[in-house]
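Student: From first to last, the protein sequence lines are chains H and D. Just so we're aligned: the first sequence equals residues 1 to 492 in the numbering used here. Just so we're aligned: the second sequence equals residues 1 to 210 in the numbering used here.
In case anyone wonders, no lab produced these hints; they're calculated from the structure. Please note that the accuracy of each hint is not assured.
[Unchecked claim] Lysine-lysine pairs mimicking DSSO-like chemistry, simulated, CA-CA at most 27 Å apart:
(1) K135(H) / K63(H)
(2) K268(H) / K161(D)
(3) K168(H) / K44(H)
(4) K364(H) / K439(H)
(5) K299(H) / K56(H)
(6) K251(H) / K136(D)
(7) K44(H) / K161(D)
(8) K9(H) / K106(H)
(9) K421(H) / K63(H)
(10) K268(H) / K168(H)
(11) K75(H) / K364(H)
(12) K161(D) / K289(H)
(13) K136(D) / K289(H)
(14) K106(H) / K354(H)
(15) K161(D) / K251(H)
(16) K83(H) / K9(H)
(17) K354(H) / K289(H)
(18) K299(H) / K490(H)
(19) K75(H) / K339(H)
(20) K100(D) / K278(H)
(21) K251(H) / K278(H)
(22) K251(H) / K100(D)
(23) K225(H) / K135(H)
(24) K75(H) / K7(H)
Being a predicted model, the structure only gives us computed values, none of them experimental.
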Amino acid sequence: MTTIKTKAKDGTPVEFVYKDPMQGGVKDVYFAPDKSYVVAFFRKNPDIAGQERIEKLVGQYRKGIFEQAGGEYWKKLFCWPEKIVEYDGKIGMTVPAYQSHFFFGKQTSLAGAEKEGKWFASAKNFNRFVPAEEKGTLLSYLRICLLLSRAVRRLHAAGLAHSDLSYKNCLVDPSGGNACIIDIDGLVVPGLYPPDVVGTPDFIAPEVVSTLHLPVGDPNRKLPKRETDQHALSVLVYMYLFHRHPLRGRKVHDQEPDIQERLEMGEKALFIEHPQDKSNRPNLRENDKVCLPWVDINKTPYTMYGPLLKGLFELAFITGLHAPAQRPMAGDWETALVKTCDMLQPCQNSQCVKKWFVFDNTTKPTCPYCGTPYKGVLPVLDFYSTRNGKDYKPDNHRLMVYNNQYLYQWHVDRTVFPDEKLKPEHSKPVGYFAFHQGKWIFINQTLPAMKNLSTGEVVPVGKSVDLTEGLQLLLSPEATGRIVNVKIVKND
Amino acid sequence: MRRLPIYILLDTSGSMRGEPIEAVKTGLRALLSSLSRDPYALETVYLSIITFDREAKVLVPLTELDGFTLPEIEPPETSPTNLGEALELLIRQYGKEVVKTTPEQKGDWLPFAVVMTDGAPSDTMLFKQMTAELKKHRFARIVACAAGPKAKVDPLREITKDVVSLDTMDSNSFAQFWQWVSTAVSQQSQTADSTQEDLPPPPNEINLVL
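Isolated chain D (complex conformation) (with noise of 0.2 Å):
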């Protein structure tokens, strides 16, 4: 059965520490439990969590949906945010887990990555490096995040050109930004590997960044 790959990027630097990273998880539980209620993410869906602050780490490799528990996240004290080492992480691991299409036999379908940040990348030359290095390869779509009033935007956009930004980082608006990650993959294990479909409409806590 051909796979639907999640790769979820979380930063887990400092800032991230308490309240923003407990409503994460809060909202990360949420979409594990509306996806297992949905017969078309349950049959394809298989998740990964990789978190980066002073290195990125794969807390769960791709993992399939029903049987996936999310382990404790403890952000450090202080800590960079390496996004480009999560970047480097994640490019290692779609070619480790990802079964690939070849002329003989039907891969998995094309990834969908979420990137989430209340930052911008302290490892600048590496993320510039690894930005081009990721176009090389193929996701149905990539979702990148800012959230809050820190985070900044402009890097995410060498990421992808679906970049959303949250105002504040409460509890709402990061349960309302899980909620619409969840309709969106739902989608995406909704359309075989059509590329072309449009994001579901955010709700009013997330701006879409044109």
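Chain H on its own, in the form it takes in the complex (with noise of 0.2 Å):
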């Protein structure tokens, strides 16, 4: 054992073990001796402008978003540079090790092994070597896409632009619902320091792709910055619940193969979807098979999961792709995500590799992966809320109603939102819905003055209400409380 024992910058301890470092593509990194954390050196050692920038990361920027109100949150949610260290004349910084859940299971076929989002993006990852067990369901997959985007919106809103998001940079955990940002060291801030990274094949937007042919410091040359990150977020989401790339379709734009990357990923690049163009769909050849059904965006379009994220993938891949300023932001993403959550139906099938499916407004939903039709009566709640005390309006937030689903505060009242700012009284639920007695009931755990505006009556804390078609409750009298309208879908 070779323990370096030393001081980091800040004058605090650090120890880290002088063998056998794990390569990574600028860094070798040693572990501590108790694997808390590990030291990553740099190759080659960053020049001043560099060294600056990690200083300013483990300095002003980590401490704009871990020491301020609700810091702690964003722990699990970026893997942060805590520490400068230099030794033996290299430059490294400590990070903090990864949680244990981003490791696949000691018992599954992969066991040890990294969970980046490379392994759940792909269609033949995931429907062929990604252990069972560790699949998750399509709501772990919306949670993890809804904490990447929240994480993209922490940085944005701190002024700053990761310039290299991609499933690289991502580690996922579907069957816990735990994502996390990693290699934050190519973080930049827009004007002060110019980008070191132009990013990673998949993700890098368009008009950078387009313009890396320019040498770096030409006016036209693009670099990473918010809206870049934006694009690259927006395809990681959608790989992330379609397992397919959006510009990856079987478009010959030049048989030279540097040239039809360029093109594919940069001036030419076409949603894979593009209602009108059509000319991009996917390739399905002989080996796709293990690929469906993914590969067939017949069986599984971008508007498989409810109108809020279908808006979102147009002004992604249609309307923003050759249009920076018209992408979606990362908070558009996270809003959209929360309420698409909210739109879920179970299915009846258990053995359904996504267990759940975005209730499509249908008369007769069906599962889209099993095929499963909902049987039964099922109770549909959509929100609705006030800005001048009588008029109420859509809210366009629909809650679905399956047994112990719960309702929270942030559907009670409209400026509650379930981020990192959500008040620890308020992640409670304040009731919960089930199938009793051949009936749909809403039980009120904590509502003060729920009312039932089709009898005028209050309903009580810890009675019931049945659900029935055109039911009204106000779930609150405040001036920012909300009214749910209930529909009835029958399916036998």
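Given two chains presented individually in distinct reference frames, assemble the corresponding complex, making use of the accompanying hints.
Tutor: Structure follows, in structure tokens:
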């Protein structure tokens, strides 16, 4: 054992086992003896500007995110460098070790391998190589996308851009619904430090790809910034939800491979599901059968996760693909994903690979993955709120009801949103739904003044109300309180 | 799905008998097992092994990484090193197996090839002819390895600019070499069709021939 004991630049002690490093793209990584953190040394020391950037990264920027109220929340979402270490002439950083849920379980065929995003973003890997117990459900993928969007939204809010968002730099854990952004040292502050990376092939924004051939410093060369992160985030969300790339279809632009890559990801980039221009539909080669149904866009169209995500995919890959200013912001994804989780319906087939599907607003809902139709009575709740105290308008937010579905304060009050700022008292359910004696009911647990608007009666805490077609409930009489309107879908 | 074809050309002439070939096999097994845990490689890599001694033969045609099993390799007692013939076979397999991109359809990714020899080509005429022919075929990269003290570097430089040498033919050198190849293949599987990427830095046992 060659354990080195030294001091970080801030004077605190640092230890690492100085042998057999793991080799990353630009860094050699050594574990601390207790494996609670790693020390990652640059193989080639960064230049002065680069050193200044990592100084700010572990100092000002880290403090700005982690040392404010609610800062603890972000520790799960970012693997953020903490200290600068210089040893043996080399510059490095300490970084917290990955949490154990980001490694495949010991009993699986991939025991000990990192759960890097690529395992789950590729249909072949997902269908064939990811162990069944690690596959997660549709809900877990929505949650992963939600966490990544939230993390990116936070970076952007601080004026930072990640510059290399990709499945390589995101660890995801579908079975537990966790996600974490790693390799943060390429972070850029637009206008302050020039980015030192262009990104990972599948994720580089078209305007960056099409100006890659220009020398650095050319005013026309486009560099990574917030808008390019927004493109990368949209690609990530699409890949985790559909296990395919949104732009890699069949279209051949040039037989020269490098030119093809530059056109397909750059100037000529075209959404594989573009509603009018169908020239870039996915290819179906013999060896693609293992990727079904994900290579078949008729079975798994971008519209399948409901109207909110559909709208954002259109902004990302149709309207905003070549118009960076129109791309969805990270926060748009976050909001749409939260609401989409409420639109999930459990599949009644216990063997279904995705376990959930998004209610498609039809009278005969059917699971798109396994084809199992929903049987029974299905209550659907639509939310309304008011801005002037009298007219209630739709919030474009719907909650599907199933056994043991919960209602939360963020459904009750339009100013509450389930993100990092959610108060602990708001994280507990205010009521729940159950199928009881042949009827769907809502049980009020904590709402002090919930009122059945159809009868005018108050529904006290501890009492239930039957969910019937057209029922209206005022969840809270506060100015920010919501009304729900109940719709019933019958499918016997 | 576009495949990334990997062709491995192995010298199985008499001098590889015994420890050297065992070390190569161990290295290849390690390569397979490390690529099998790499989500990029698992998605796209297809492997083929061509051996050459008195004659060149396709030991394993282009086969998906998952399910690839390494057959026995038994070098003959004494034999020449028909590298020219191996290149001829590589070119033939390339024509037969690799799906080309046409204006109508995307083909496979550009193939990656590894050539390993512990000597020098015996079929010099054919070798010369085939190195010229090989230039007409596009590869993402060809890495050639001169293994041990008797291996000649110069002929390999006719094949590719990426030539490395191993001072010794012990198991450690071979292990390091195949591990390095595995890193290079993994890197290739992540970079789409880019041919510009630098090779990963080689470990100490491997000398880059400049």
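Student: Can you give the numbers of the hints that this structure goes against, from lowest to highest?
Tutor: 1, 2, 5, 8, 11, 12, 13, 15 and 23
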